[in-house]
Amino acid sequence: MTKTGFIPVFLYEITKIFHIKHRGEDMEKNKYKDIVEKYTPKEDRTSHGLKAFLIGGLMGVLGQFLLDLYAYLFHIPTTEAAPFMIITLIFFASLFTALGFFDKWVAWAQAGLIIPITGFAHSMMSAALEYRKEGFVTGIGANMFKLAGTVIIFGVVSAYVFGFIRLILFGG
Amino acid sequence: MMLYVNSFLFAGLVCLLGQIILDNTKLTPGHVTTIFVVVGAFLDTFCIYDKIILFVGGGALVPITSFGHLLIHGALARAADFGIIGLLMGMFDLTSSGIIAAIVFSFFFSIIFKPKD
Numbered sequence: 004m005t006k007t008g009f010i011p012v013f014l015y016e017i018t019k020i021f022h023i024k025h026r027g028e029d030m031e032k033n034k035y036k037d038i039v040e041k042y043t044p045k046e047d048r049t050s051h052g053l054k055a056f057l058i059g060g061l062m063g064v065l066g067q068f069l070l071d072l073y074a075y076l077f078h079i080p081t082t083e084a085a086p087f088m089i090i091t092l093i094f095f096a097s098l099f100t101a102l103g104f105f106d107k108w109v110a111w112a113q114a115g116l117i118i119p120i121t122g123f124a125h126s127m128m129s130a131a132l133e134y135r136k137e138g139f140v141t142g143i144g145a146n147m148f149k150l151a152g153t154v155i156i157f158g159v160v161s162a163y164v165f166g167f168i169r170l171i172l173f174g175g
Numbered sequence: 006m007m008l009y010v011n012s013f014l015f016a017g018l019v020c021l022l023g024q025i026i027l028d029n030t031k032l033t034p035g036h037v038t039t040i041f042v043v044v045g046a047f048l049d050t051f052c053i054y055d056k057i058i059l060f061v062g063g064g065a066l067v068p069i070t071s072f073g074h075l076l077i078h079g080a081l082a083r084a085a086d087f088g089i090i091g092l093l094m095g096m097f098d099l100t101s102s103g104i105i106a107a108i109v110f111s112f113f114f115s116i117i118f119k120p121k122d
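Respectively, the protein sequence lines represent chains A and B. Heads up, the first sequence is in the working numbering, so the first residue is 4 and it goes up one at a time. Heads up, the second sequence is in the working numbering, so the first residue is 6 and it goes up one at a time.
No lab work stands behind these hints, which were simulated from the structure alone. Take the hints with a grain of salt, since some may be wrong.
[What the hints assert, rightly or not] Taking lysine-lysine and the PhoX-like style, the derived pairs with C-alpha atoms no more than 25 Å apart in a straight line are: (1) A:K54 / B:K31; (2) B:K119 / A:K136; (3) A:K34 / A:K54; (4) A:K54 / A:K107; (5) A:K149 / A:K136; (6) A:K149 / B:K31; (7) A:K107 / B:K31; (8) B:K119 / A:K107; (9) A:K149 / B:K119; (10) A:K34 / A:K107; (11) A:K149 / A:K107; (12) A:K36 / A:K149.
[To be verified] Residues of chain A clear of chain B, computed beta-carbon distances all greater than 12 Å: (13) I38; (14) L76; (15) H125; (16) R135.
[Said to hold, decoys possible] Ranges of calculated distance between the beta carbons of each label pair, as one might list FRET restraints: (17) B:F51 / A:K36: 48 to 56 Å; (18) A:A145 / B:K56: 39 to 47 Å; (19) B:D86 / A:E83: 18 to 26 Å; (20) A:G152 / B:I116: 34 to 42 Å.
Just so you know, even glycine gets a beta-carbon here, dropped at the ideal spot from N, CA and C.
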C-alpha cells in the first residue's frame, strides 16, 4: 500500500467499493429470487400425499420386520418384541438427526416420517441440539420437551379420560 | 406375509391422512401428532385399536396413534388391580421404554454431536 502511493490505492478502493456495491445488488436480487423459488410450492398435494403414503407404509413394513427379527433373535413372542422395535426406531431417528441429515428426510417425506414414532424422536433430538448452547439445565433440560411435550400431555390427559370411560363402561 | 401388506397399507394410510391435514389446514406438525395420539386413545375406548393391532401387526405400532393406545393399556392393566387409582399408577408402564430411550439418546447425542445449521 505504501509502495503504490496514495492516489492509485484510493482509486482502487473506490472501484472496489462500487464493485462490491454492484455485486451486492445482484446478489440481493438473486437471493430474493432464490427465496421466492424456495417458498413457492413446487410439488402439488398429490405428490406430497404419495410420498407420505409410501414412506409411512415402508416405516410400517420396517416395524413389522423388526418385530419378527427380534422375536426370532430373542425367542420371545411377537407381542413382547414391540418395545425393542420402538427403541430401535427411536435410536436411529435420534442418531440421524444428530448427524444432520434426518432434517432433510423429514422435509422431503413430511408426514411420512412425522406421524411414525421417528417424528417424536426427531422433535426431541432437534430441540436438544438447538438449545444446547444455552447450557445443560436452562438449555437442554428446559427445552427438550418443547415440541414433544404436547404429545405426552395430551396423550396422558386423553388416555386418563378415555381409560376412565372404558373402566366404567366395560370394566377395563 | 399378509401382516406386511397390512402394515404397509395401514401405516401408509395413517401418514397419508396426516399429510392431507398438514397440506389443507394451517395446523403445524405438532397439532397433527397431538390429534393422532388423542385419536389412538379414543379408538381404544371401544377396543377398536386392539383389533387393528391384531389384524395389522407392526404397522399399527409404528404410527404415533399407538402411543395413545399404549398409555391407555398401561393404565387399564393397573386399574384391574387397584381400581380408579390404578389409572394414575400405570399410565407410563408400556410407553416408558420409548420415552426414556428418546430422552437418554437425545441427551447424549446432543452432547456428542454439534448442531449443523
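Hints versus structure:
1. A:K54 / B:K31: holds (20 Å)
2. B:K119 / A:K136: holds (10 Å)
3. A:K34 / A:K54: Roughly 29 Å separates the two Cα atoms, so the pair is violated.
4. A:K54 / A:K107: At roughly 14 Å apart (the allowed maximum being 25 Å), K107 (chain A) and K54 (chain A) satisfy the hint.
5. A:K149 / A:K136: At roughly 16 Å apart (the allowed maximum being 25 Å), K136 (chain A) and K149 (chain A) satisfy the hint.
6. A:K149 / B:K31: Given that 25 Å is the threshold and the Cα spacing comes to 20 Å, the pair holds.
7. A:K107 / B:K31: Answer holds: K107 (chain A) to K31 (chain B) is near 21 Å, not above 25 Å.
8. B:K119 / A:K107: holds (17 Å)
9. A:K149 / B:K119: holds (19 Å)
10. A:K34 / A:K107: holds (21 Å)
11. A:K149 / A:K107: Satisfied, since the Cα-Cα distance of roughly 21 Å is no more than 25 Å.
12. A:K36 / A:K149: Roughly 33 Å between the alpha carbons, so the hint for K36 (chain A) and K149 (chain A) is violated.
13. I38: The claim stands: I38 (chain A) keeps its Cβ more than 12 Å from every Cβ of chain B (closest is about 17 Å).
14. L76: Label holds. Min Cβ-Cβ 15 Å, cutoff 12 Å.
15. H125: violated (10 Å)
16. R135: violated (5 Å)
17. B:F51 / A:K36: 48 to 56 Å: holds (54 Å)
18. A:A145 / B:K56: 39 to 47 Å: Distance hint for A145 (chain A), K56 (chain B) holds at roughly 41 Å.
19. B:D86 / A:E83: 18 to 26 Å: holds (20 Å)
20. A:G152 / B:I116: 34 to 42 Å: The hinted range 34 to 42 Å is violated for G152 (chain A) and I116 (chain B), with Cβ atoms some 21 Å apart.
In terms of the numbered hints stated before, the structure departs from hints 3, 12, 15, 16, 20, listed from lowest to highest.
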